[in-house]
Amino acid sequence: MKNNFLINSVRFIILLLAQVLVFNNIDFMGYITPYPYMLFILVFPFNANRSLYLCIAFLTGLTLDMFSNSGGMHAAACLTIAYFRPVALRLTFGVSYEYNAIKLPNVTFYERLVYISSLVFVHHLVLFSLEVFNISNILYILKKTLFTGIFTSILCLLFNILFSNRKG
Amino acid sequence: MQQIINFLIRNKNFLLFAFLFFISLVFTIQSHSYHKSKFINSANFLSGGVYESLSGVQDYFHLKTYNQQLLEENARLRENQSKLLSAIPSFDSLTLYNSIEGQYRYIPAKVIKNSYSKTDNIITLKVGRRDSIFPEMGVITSKGIVGFIEKTSTKYSTVLSMLNSNFKTNVTLRSSNHQGTLEWHGEHPNVMTVIDMQEQAPVKIGDTIETSGKSAIFPKGIPIGTIENFTLDNSKNFYELSVRLFNDMTSLGHVYVIENKDSEEIKALENRDPNEE
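Protein sequence lines correspond, in order, to chains A and B. Those letters in the first sequence? Residues 720 to 887, per the numbering used here, in order. Those letters in the second sequence? Residues 10 to 286, per the numbering used here, in order.
Looking at chain A on its own, in the form it has when it is part of the complex (with noise of 0.2 angstroms):
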């Protein structure tokens, strides 16, 4: 237990300032700025207490609105994924979700792209809509949602495979 909450803790510093100080710059065309600190939540202990999770993932989207002069645009999209995050897992992994016997470094490479990529463009949707603020520019916020995610979704399955301790 104190094991898991050590790393979270260094994973929520290293996600968030990566995004801070790396990821913020990155100004891909123009209009695309990838968000992989989501993978923080994403990857959040599935068996975890239901609303210190959604206060967290609050907390966590806080942190990065106060760096990045949003207001409360992150904060609105992490804690829209965190609650949904139980839907996406029933879809993608189905029954075995029920059970508690998934976890996330033995799952086939097509369950993760599906579960980390749905929750992305949720999380992104949302930002994006906080953002613009106008309904007008529907299409801008759906164009800029879709490459944004195929971005971030990228980024966020690298970071996954490439740190994911298989022998968990």
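Keep in mind that the hints are not guaranteed to be accurate.
[Stated by the list, open to error] Which residues of chain B face chain A? A few of them, derived with a C-beta cut under 8 angstroms, are:
| hint | residue |
| --- | --- |
| 1 | R19 |
| 2 | K21 |
| 3 | F30 |
| 4 | Q39 |
| 5 | V59 |
| 6 | T128 |
[Said to hold, decoys possible] Distance condition first, Cα-Cα at most 30 angstroms in a straight line; then the derived DSS-like pairs of lysine-lysine:
| hint | chain 1 | residue 1 | chain 2 | residue 2 |
| --- | --- | --- | --- | --- |
| 7 | B | K177 | B | K119 |
| 8 | A | K862 | B | K127 |
| 9 | B | K164 | B | K127 |
| 10 | B | K152 | B | K270 |
| 11 | B | K213 | B | K152 |
| 12 | B | K276 | B | K164 |
| 13 | B | K152 | B | K276 |
| 14 | A | K862 | B | K177 |
| 15 | A | K822 | B | K21 |
If you're looking for bench data, these hints aren't it; they were derived computationally from the structure. The beta-carbon is built from N, C-alpha and C at its ideal position, and this holds for glycine as well.
Assemble the complex: chain A is given as a structure, and chain B must be docked to it using the hints.
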């Protein structure tokens, strides 16, 4: 009663989600309206400190550019000084000093965080209240205007960038003093739009746009950019100009904060109740 408590316990996660989502929506809406995002901003101890140490590293890579900018600015200032000296026939340093010293004071500042790709961009500076920086002071570089101070902490302050949907300032054509309003429609970080320019104004592509000095934030005559394109708007009475900025908003290193010493007096005068007298 029992049922209400049961309902609360059963739906506690959803209620928590709704509550936190509501809070973040409030923060977001505040951040979309100027001067209201009080709590979550990068002018605080933690994020200011992180950005400061990052910009300490990045500065080494930009030393050459900064040097070049300083040299150019020095040359321009020297040129202006010599023009000024030759324009005043009996030059007396004491009277010159007394007549010019007054309205504006320039405070140098370092940019530790710059953003330009969002719809509402904010810049963070490493100066704050202890350097006597206060909200509504203008921020410029040697090449043009940048924005104005939005919030300050003891050591840091945030700037509402020109590239922000809440930014508006009064500008004029250098050649004819016709006025318009400068704003950003969020397309390109080096192109802004001037609206409400009178149809009679002699607008030409390549003309210079500068500040009008009407706003008590920026002094008169700071160059902003050149006209790249212009069209008549829907009412056919006003021009809409797209202006290419002299300033490269994507690479800001050192800026100046302008303190207008008379701003309080001007504001007090403007806000005075007309029925008072």
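Structure-based check of each hint:
Violation of the interface hint for B/R19 is found here, the shortest Cβ-Cβ separation to chain A being roughly 12 angstroms, above the 8 angstroms cut-off. With its C-beta approaching chain A no nearer than about 7 angstroms, B/K21 sits inside the 8 angstroms limit, and its interface hint holds. Interface hint status for B/F30: upheld, as the beta-carbon distance to the closest one in chain A is roughly 5 angstroms, under 8 angstroms. Interface restraint check for B/Q39: the shortest CB-CB distance to chain A comes to about 6 angstroms, inside 8 angstroms, so the restraint holds.
Below 8 angstroms, beta-carbon pairs count as interface contacts, and B/V59 has one with chain A at about 7 angstroms; its hint therefore holds. The beta carbon of B/T128 comes within 6 angstroms of a beta carbon in chain A, closer than 8 angstroms, and the hint placing it at the interface holds. Between B/K177 and B/K119, the direct Cα distance comes to roughly 23 angstroms. Compliance with the 30 angstroms bound is thereby established for this hinted pair. Taken as a hint, the A/K862 and B/K127 pair is honoured in the structure, with Cα atoms around 15 angstroms apart against an allowance of 30 angstroms.
Annotation: proposed proximity of B/K164 to B/K127 holds, straight-line Cα distance about 25 angstroms (limit 30 angstroms). Only pairs whose Cα atoms come within 30 angstroms are accepted, and B/K152 paired with B/K270 is accepted, the gap being roughly 23 angstroms. For the hint linking B/K213 to B/K152, the alpha-carbon distance of about 21 angstroms falls within 30 angstroms, and the restraint holds. Distance hint between B/K276 and B/K164 is fulfilled; the C-alpha atoms sit about 26 angstroms from each other, no more than 30 angstroms.
Only pairs whose Cα atoms come within 30 angstroms are accepted, and B/K152 paired with B/K276 is accepted, the gap being roughly 28 angstroms. This hinted pair checks out: A/K862 and B/K177 have alpha carbons roughly 28 angstroms apart, not beyond 30 angstroms. Taking the CA atoms of A/K822 and B/K21, the gap is about 27 angstroms. The hint holds against a cut of 30 angstroms.
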